[in-house]
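Enquirer: As given, the protein sequences belong to chains G and Y, one line each in that order. Residue 468 in numbering that gives the first Met the number 0 is what sits at position 469 of the first sequence, and the numbering runs on without skipping anything. Residue 137 in numbering that gives the first Met the number 0 is what sits at position 138 of the second sequence, and the numbering runs on without skipping anything.
Misleading hints may appear alongside valid ones.
Said to hold, decoys possible - Just the calculated beta-carbon pair ranges, DEER-fashion:
1. G:Q309 x Y:E245: 27 to 35 Å
2. G:E419 x Y:S73: 39 to 47 Å
3. Y:D323 x G:Q381: 46 to 54 Å
4. G:T315 x Y:S383: 20 to 28 Å
5. Y:A58 x G:S243: 44 to 52 Å
6. Y:S383 x G:S453: 49 to 57 Å
7. Y:K4 x G:T315: 48 to 56 Å
8. G:E83 x Y:K120: 34 to 42 Å
9. Y:N186 x G:W121: 31 to 39 Å
10. G:R324 x Y:R144: 51 to 59 Å
11. G:Q381 x Y:R367: 54 to 62 Å
12. Y:T59 x G:A301: 26 to 34 Å
13. G:K79 x Y:S73: 36 to 44 Å
Simulated from the structure, these hints should not be mistaken for laboratory data. Every residue, glycine too, gets a C-beta built ideally from N, C-alpha and C.
There are 2 protein chains.
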Amino acid sequence: MKQEKLTTRSENYSEWYNQVILRAELADYAPVRGCMVVRPYGWALWENIQSQLDARFKATGHVNAAFPLLIPMSFLEKEKQHVEGFAPELAVVTHGGGQELEEPLVVRPTSETIIGHMYAKWIKSYRDLPVLINQWGNVVRWEMRTRLFLRTLEFFWQEGHTAHATYEEAEEETMRMINIYADFAHNEAAVPVIPGRKSESEKFAGALRSYTIEAMMGDKKALQSGTSHNLAQNFSTAFDIKFSDENNELQYAWTTSWGVSTRFIGAIIMTHGDDQGLVFPPRIAPIQIVIIPIFRSDDEKALVMPIVEQLQKDLTQFRIKVDDRTEVTPGFKFNDWEMRGVPLRLEIGPKDVEKQHMMAARRDIPGREGKTTMSFENNTEQISALLDDIQSALLAKAIAFRDDNIHDPADYNEMKSVVESGWAYSFWCGDAACEEKIKEDTKATIRCIPFDQSKEHGQCIVCGKDAEEKAYISRAY
Amino acid sequence: MKQEKLTTRSENYSEWYNQVILRAELADYAPVRGCMVVRPYGWALWENIQSQLDARFKATGHVNAAFPLLIPMSFLEKEKQHVEGFAPELAVVTHGGGQELEEPLVVRPTSETIIGHMYAKWIKSYRDLPVLINQWGNVVRWEMRTRLFLRTLEFFWQEGHTAHATYEEAEEETMRMINIYADFAHNEAAVPVIPGRKSESEKFAGALRSYTIEAMMGDKKALQSGTSHNLAQNFSTAFDIKFSDENNELQYAWTTSWGVSTRFIGAIIMTHGDDQGLVFPPRIAPIQIVIIPIFRSDDEKALVMPIVEQLQKDLTQFRIKVDDRTEVTPGFKFNDWEMRGVPLRLEIGPKDVEKQHMMAARRDIPGREGKTTMSFENNTEQISALLDDIQSALLAKAIAFRDDNIHDPADYNEMKSVVESGWAYSFWCGDAACEEKIKEDTKATIRCIPFDQSKEHGQCIVCGKDAEEKAYISRAY
Numbered sequence: 000m001k002q003e004k005l006t007t008r009s010e011n012y013s014e015w016y017n018q019v020i021l022r023a024e025l026a027d028y029a030p031v032r033g034c035m036v037v038r039p040y041g042w043a044l045w046e047n048i049q050s051q052l053d054a055r056f057k058a059t060g061h062v063n064a065a066f067p068l069l070i071p072m073s074f075l076e077k078e079k080q081h082v083e084g085f086a087p088e089l090a091v092v093t094h095g096g097g098q099e100l101e102e103p104l105v106v107r108p109t110s111e112t113i114i115g116h117m118y119a120k121w122i123k124s125y126r127d128l129p130v131l132i133n134q135w136g137n138v139v140r141w142e143m144r145t146r147l148f149l150r151t152l153e154f155f156w157q158e159g160h161t162a163h164a165t166y167e168e169a170e171e172e173t174m175r176m177i178n179i180y181a182d183f184a185h186n187e188a189a190v191p192v193i194p195g196r197k198s199e200s201e202k203f204a205g206a207l208r209s210y211t212i213e214a215m216m217g218d219k220k221a222l223q224s225g226t227s228h229n230l231a232q233n234f235s236t237a238f239d240i241k242f243s244d245e246n247n248e249l250q251y252a253w254t255t256s257w258g259v260s261t262r263f264i265g266a267i268i269m270t271h272g273d274d275q276g277l278v279f280p281p282r283i284a285p286i287q288i289v290i291i292p293i294f295r296s297d298d299e300k301a302l303v304m305p306i307v308e309q310l311q312k313d314l315t316q317f318r319i320k321v322d323d324r325t326e327v328t329p330g331f332k333f334n335d336w337e338m339r340g341v342p343l344r345l346e347i348g349p350k351d352v353e354k355q356h357m358m359a360a361r362r363d364i365p366g367r368e369g370k371t372t373m374s375f376e377n378n379t380e381q382i383s384a385l386l387d388d389i390q391s392a393l394l395a396k397a398i399a400f401r402d403d404n405i406h407d408p409a410d411y412n413e414m415k416s417v418v419e420s421g422w423a424y425s426f427w428c429g430d431a432a433c434e435e436k437i438k439e440d441t442k443a444t445i446r447c448i449p450f451d452q453s454k455e456h457g458q459c460i461v462c463g464k465d466a467e468e469k470a471y472i473s474r475a476y
Numbered sequence: 000m001k002q003e004k005l006t007t008r009s010e011n012y013s014e015w016y017n018q019v020i021l022r023a024e025l026a027d028y029a030p031v032r033g034c035m036v037v038r039p040y041g042w043a044l045w046e047n048i049q050s051q052l053d054a055r056f057k058a059t060g061h062v063n064a065a066f067p068l069l070i071p072m073s074f075l076e077k078e079k080q081h082v083e084g085f086a087p088e089l090a091v092v093t094h095g096g097g098q099e100l101e102e103p104l105v106v107r108p109t110s111e112t113i114i115g116h117m118y119a120k121w122i123k124s125y126r127d128l129p130v131l132i133n134q135w136g137n138v139v140r141w142e143m144r145t146r147l148f149l150r151t152l153e154f155f156w157q158e159g160h161t162a163h164a165t166y167e168e169a170e171e172e173t174m175r176m177i178n179i180y181a182d183f184a185h186n187e188a189a190v191p192v193i194p195g196r197k198s199e200s201e202k203f204a205g206a207l208r209s210y211t212i213e214a215m216m217g218d219k220k221a222l223q224s225g226t227s228h229n230l231a232q233n234f235s236t237a238f239d240i241k242f243s244d245e246n247n248e249l250q251y252a253w254t255t256s257w258g259v260s261t262r263f264i265g266a267i268i269m270t271h272g273d274d275q276g277l278v279f280p281p282r283i284a285p286i287q288i289v290i291i292p293i294f295r296s297d298d299e300k301a302l303v304m305p306i307v308e309q310l311q312k313d314l315t316q317f318r319i320k321v322d323d324r325t326e327v328t329p330g331f332k333f334n335d336w337e338m339r340g341v342p343l344r345l346e347i348g349p350k351d352v353e354k355q356h357m358m359a360a361r362r363d364i365p366g367r368e369g370k371t372t373m374s375f376e377n378n379t380e381q382i383s384a385l386l387d388d389i390q391s392a393l394l395a396k397a398i399a400f401r402d403d404n405i406h407d408p409a410d411y412n413e414m415k416s417v418v419e420s421g422w423a424y425s426f427w428c429g430d431a432a433c434e435e436k437i438k439e440d441t442k443a444t445i446r447c448i449p450f451d452q453s454k455e456h457g458q459c460i461v462c463g464k465d466a467e468e469k470a471y472i473s474r475a476y
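One chain only, chain G, in its complex shape (with noise of 0.2 Å):
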């Protein structure tokens, strides 16, 4: 079997991510233009990201349900502005059973019309609320140019939509999905995002406001990576969700949506991924640890073969895989596993066995430099100890990258410049005018205004006016 070099991420970072992704066999390409296949090792990953999700969706009050993949054309133009947002990408089936259809179907792109209409139904007293939903499942966005898990036609993902008797129930509500999102990429798949507000032109199509989270990726362009909208009474009007209050009158409901969709397996691969493939942070990794027994002989591998079986037996609570592969090396081995991203590898060959301990080799620190003898005893506490360390190690790298890479232009023309490879971060008056303007310079775009800043004023970057609030400005994907 022969091992090709990958290509690194200097030469050119959107083939390096294509094929880290074909290589290690997270995703292939379908064979319906856009679409992908997410293999077995990139479905584990979104499993796992999945069960942490899901345990805090539910640990608020949530609970899941699944509406229906087709939704009748005529529930997306009652809302406006969510219509002129998403009919240039609907797919449309327009035949069922050998007919054709009176009323074409869409394939949802997002599930607010269709759950509003059921919403309607359900929701009769202020008794019923709130509403708490959330669905895992797929949608259909015909995208023009389609990249592996950043924007597929269909994608997977998961929707909340939820519905409140106050406008301030839901805006909490919006806020606390936000913070769970940004909890879950910080302390499960260590990439440090930056919470905050969609400026007007990027919001949702329908929502009064959205907020989003914003990864830096190794390219240093910006990746949103989630997003929580406050819909206040738009998709109640338009789908006439009402409950009688207490005192029995007849209010709209004020609802909420939120996503995280398969686009976060991007920000993970291209937050921690390196030269050698990927690097999984270990709390989410398909694979934690990976152990590689090497034996030339008989002789040795009935000394090494027990210690490999009787150590899989103790680290059961670990997400373990022995790579027993007798037609290709250990070398072959270690370096297929560095591309897969395994945060951990245990090597154990005769000598090993002989001086009863393992050779223990980091994924994020390459080289000697990352490896450690570790002995046969307490080697779950051990191993517990040294997957927390990566753990926390990836966060604080990424941390770092990413700070490193916000700068605090002087001026429009400095802004410019920085822009090109990094994040701005500047003061904006609010003007469509100056955010368009950004836009057409420079190809970057507002990504957040952070709810965390000072509340400093200074001048808009682009026209010098007065500004209340910082943004991030960047190129995204």
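Position chain Y relative to chain G; hints supplied.
Expert: For chain Y alone, coordinates are given in the frame of chain G:
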């Protein structure tokens, strides 16, 4: 709040079925004909089914992945029987992104074709085999007559797709999976299915052989509750799934597919439900225990609620719900949770607190007989034992009902009357003409030829010729 009485099963079984689903909020009708919304209570049941099945799949070496929703029409046409079987049921996407597509795409009715296409790309050598992949997802079949859970345009399921080096391995896998389904059905859902082989006319479109688990519903009709197909080399030939064997010769792979869907929820409802509503086996019940605090004054509340809160803390190992609604009476709550099928109800009022016990009411035994007092001490053990007992009792009851309604008719005339309300277990010569005659005369079909049968010969119940095998014959959903 009013509490309408359910239609009884004997009055109108099908009306009873729809009512329990809608009132218990398991599912609702979607705005598109034949589609359903699975509501949170129903989805929680499905999640429990998923986690039990998924654990069994993973324990037998299977991994999950996700294949695309949209399949080129031409793919379906590659396997002749397959396209004949599915062509009448397809939903077709003809437009995407505002343009008419060059080739129409079908919304997957099942994924053998697209997965076959990918396997052809991935499988090169015998070392790549077996491939053991499962997918949890949604599919669409344009059914004319639909029923909630039993037959809907869109439904949710898992579909396993495996590829093997030999016929024997594929056959072993096909059997392994039908046995896993049977084990799950018996031990988790308390649904005493009968596993067996489908007749040639009832097998999956494109399969060499199909295995099934058949369950008897409360109206004595059969429900096919899961299937496993040996696809031989039919799909590998159509999709060119070839591998080089140990002698470096190219061979077509042997493939299988197997699935259980949200239809299984129908099986659970109609196996255990009674005139009070749903009855869920504890091991898969969305809520295992409901606690009803009973008080009429603030003083009584102050006595009762601390005990209830303590219980809630003690019983976290169970799926538990405290019904603290104030707008309805305890009596209303009893009926409500009985209707929703919660296996165990705990009632705690001021007198119970005085006596340091609570009332435990089993859902499976109505009235006083199902009630016992339970001390506050060691309650997790007591409750575990009680839930286990309920689980076993439900299975025993379902087995007794099934066996009481399986008949051994002496001749064809008796068979005809037997299948009006029950199953016949009779010799069948294997001839399609006899099978067809049964269908025409009685609307009953051959449900399966069970694996577990003695090797005697007998006379075909239709034509009287020598027959080697017995089959279950009944009307079915």
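Enquirer: Look at each hint and say if it fits the structure.
Expert: Each hint, compared with the structure:
no., hint, in the structure
1, G:Q309 x Y:E245: 27 to 35 Å, "holds, 31 Å"
2, G:E419 x Y:S73: 39 to 47 Å, "holds, 45 Å"
3, Y:D323 x G:Q381: 46 to 54 Å, "holds, 47 Å"
4, G:T315 x Y:S383: 20 to 28 Å, "holds, 25 Å"
5, Y:A58 x G:S243: 44 to 52 Å, "holds, 51 Å"
6, Y:S383 x G:S453: 49 to 57 Å, "holds, 56 Å"
7, Y:K4 x G:T315: 48 to 56 Å, "holds, 52 Å"
8, G:E83 x Y:K120: 34 to 42 Å, "holds, 39 Å"
9, Y:N186 x G:W121: 31 to 39 Å, "holds, 35 Å"
10, G:R324 x Y:R144: 51 to 59 Å, "holds, 52 Å"
11, G:Q381 x Y:R367: 54 to 62 Å, "holds, 59 Å"
12, Y:T59 x G:A301: 26 to 34 Å, "holds, 29 Å"
13, G:K79 x Y:S73: 36 to 44 Å, "holds, 39 Å"
The structure shown violates none of the earlier numbered hints.
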